[in-house]
Amino acid sequence: MTDDLRYAILRAHNNYRKQLANGQVTDGSKQKLPKGKNIYKLVYKKSIEKIAQATADNCKMAHPGTVGYGENLWANSWAMDNLNHSNQKINLAEAVTGAPLSWWSEKDDCPILANNLQVTPEVFDKCGHMTPMAWSHTTQIGCGIQLCPAQDWCAGWNPPCYNTTLISCNYYNPTNDAGNILIYEKGNPCSKDSDCDYYANSKCDTSCGLCKAPLDATDPHKQPKN
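Count the sequence shown with the UniProt record's numbering and you get residues 1 to 226, in order.
Hints were generated in silico from the structure; no laboratory data involved. Take these hints with a grain of salt, some might be off.
Unchecked claim - Computed list of lysine to aspartate or glutamate pairs in EDC-like fashion (alpha-carbon distance at most 20 angstroms, straight line):
#: 1; residue 1: K32; residue 2: D109
#: 2; residue 1: K30; residue 2: D152
#: 3; residue 1: K18; residue 2: E122
#: 4; residue 1: K32; residue 2: E71
What the hints assert, rightly or not - Cβ-Cβ distance ranges computed for the label pairs, FRET-style:
#: 5; residue 1: A200; residue 2: K46; range: 38 to 48 angstroms
#: 6; residue 1: T206; residue 2: A155; range: 15 to 25 angstroms
#: 7; residue 1: S207; residue 2: K30; range: 25 to 35 angstroms
#: 8; residue 1: D193; residue 2: D108; range: 42 to 52 angstroms
#: 9; residue 1: M61; residue 2: D108; range: 15 to 25 angstroms
#: 10; residue 1: P149; residue 2: K32; range: 25 to 35 angstroms
#: 11; residue 1: G23; residue 2: S105; range: 17 to 27 angstroms
#: 12; residue 1: K32; residue 2: G156; range: 35 to 45 angstroms
#: 13; residue 1: A93; residue 2: D216; range: 30 to 40 angstroms
Bear in mind that the values here come from a model prediction, so they are computed numbers and not experimental data. Backbone N, C-alpha and C fix where the C-beta goes; we use that ideal spot for every residue, glycine too.
All chains, full assembly: derive it from the sequences and hints.
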């Protein structure tokens with residue numbers, strides 16, 4: 001994982017969170033979700049990346065169940081006549097934006113409004129990858145990427161698939177369990193530091209309406225509920 005790839009995947013996540021905070025996201029009903037308050041801007045942590053990279057290195061679409069972290073997995077196979085370094089670079093760059101887009105796009109078939117912004121079993125089933133990206137109190141992310149051998153799903157392609165890109169992202173202070181957990185609270189995006197009161201000593205990034213938590217922040221509350 002290079003710094004350019006880290007920045008690209010972090011920027012994609014925070015752009016989606018900015019859209020959510022500012023009421024620019026629709027769900028399966030095609031209606032806009034309400035604006036949100038206390039939605040935090042993610043920071044990238046290489047310590048979390050190590051966990052995610054270990055998962056990606058396994059080259060399997062299987063969650064290891066790392067305690068204390070949420071996780072998303074994405075994989076894509078492609079066919080190439082010749083595998084070379086330039087092709088690898090191109091596909092890695094595309095993958096780090098393609099993975100978040102794929103996860104976030106689950107919202108388009110997800111009944112978030114109908115379930116009052118909660119991760120009910122129905123929401124978990126429909127957009128279980130989008131919700132850890134959206135959960136307001138997540139503060140840190142780290143991702144791993146690996147070029148893996150061809151997978152079973154592309155067997156028989158012509159020309160054959162030579163490899164698969166697998167991405168794993170882990171999230172700190174996550175929730176993604178189906179249990180009527182509130183994804184975020186309705187309200188206005190922050191415009192001043194005092195608007196950001198979920199974590200002590202938080203700041204407001206007024207350029208995007210997202211809050212910024214101290215790097216050592218731990219969740220001081222029970223999970224938010226309606």
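Hints versus structure:
At most 20 angstroms may separate the alpha-carbon atoms for a hinted pair to count; K32 and D109 meet this at roughly 13 angstroms. Between K30 and D152 the alpha-carbon distance is near 35 angstroms, which puts this suggested pair outside the 20 angstroms criterion. The hinted pair formed by K18 and E122 fails the criterion: a straight-line CA distance of about 25 angstroms is larger than 20 angstroms. Between K32 and E71 the alpha-carbon distance is near 26 angstroms, which puts this suggested pair outside the 20 angstroms criterion.
Taking the beta carbon of each, A200 and K46 are about 25 angstroms apart, not inside 38 to 48 angstroms as hinted. Take T206 and A155: their Cβ atoms lie about 51 angstroms apart, and the range 15 to 25 angstroms is violated. Between S207 and K30 the CB atoms are about 29 angstroms apart, so this pair conforms to the stated range of 25 to 35 angstroms. Separated by about 34 angstroms at the C-beta atoms, D193 and D108 break the suggested range of 42 to 52 angstroms.
For M61 and D108, the Cβ-Cβ distance of about 22 angstroms falls inside the hinted range of 15 to 25 angstroms, so the restraint holds. A C-beta distance of roughly 43 angstroms is found between P149 and K32, which places it outside the suggested range of 25 to 35 angstroms. Between G23 and S105, the C-beta spacing of about 18 angstroms keeps the proposed range 17 to 27 angstroms intact. Remark: the range hint 35 to 45 angstroms for K32 to G156 is upheld by a beta-carbon distance near 42 angstroms.
With their beta carbons about 32 angstroms apart, A93 and D216 fall inside the hinted range of 30 to 40 angstroms.
Consistency with the previously given hints fails for numbers 2, 3, 4, 5, 6, 8, 10, ordered from lowest to highest.
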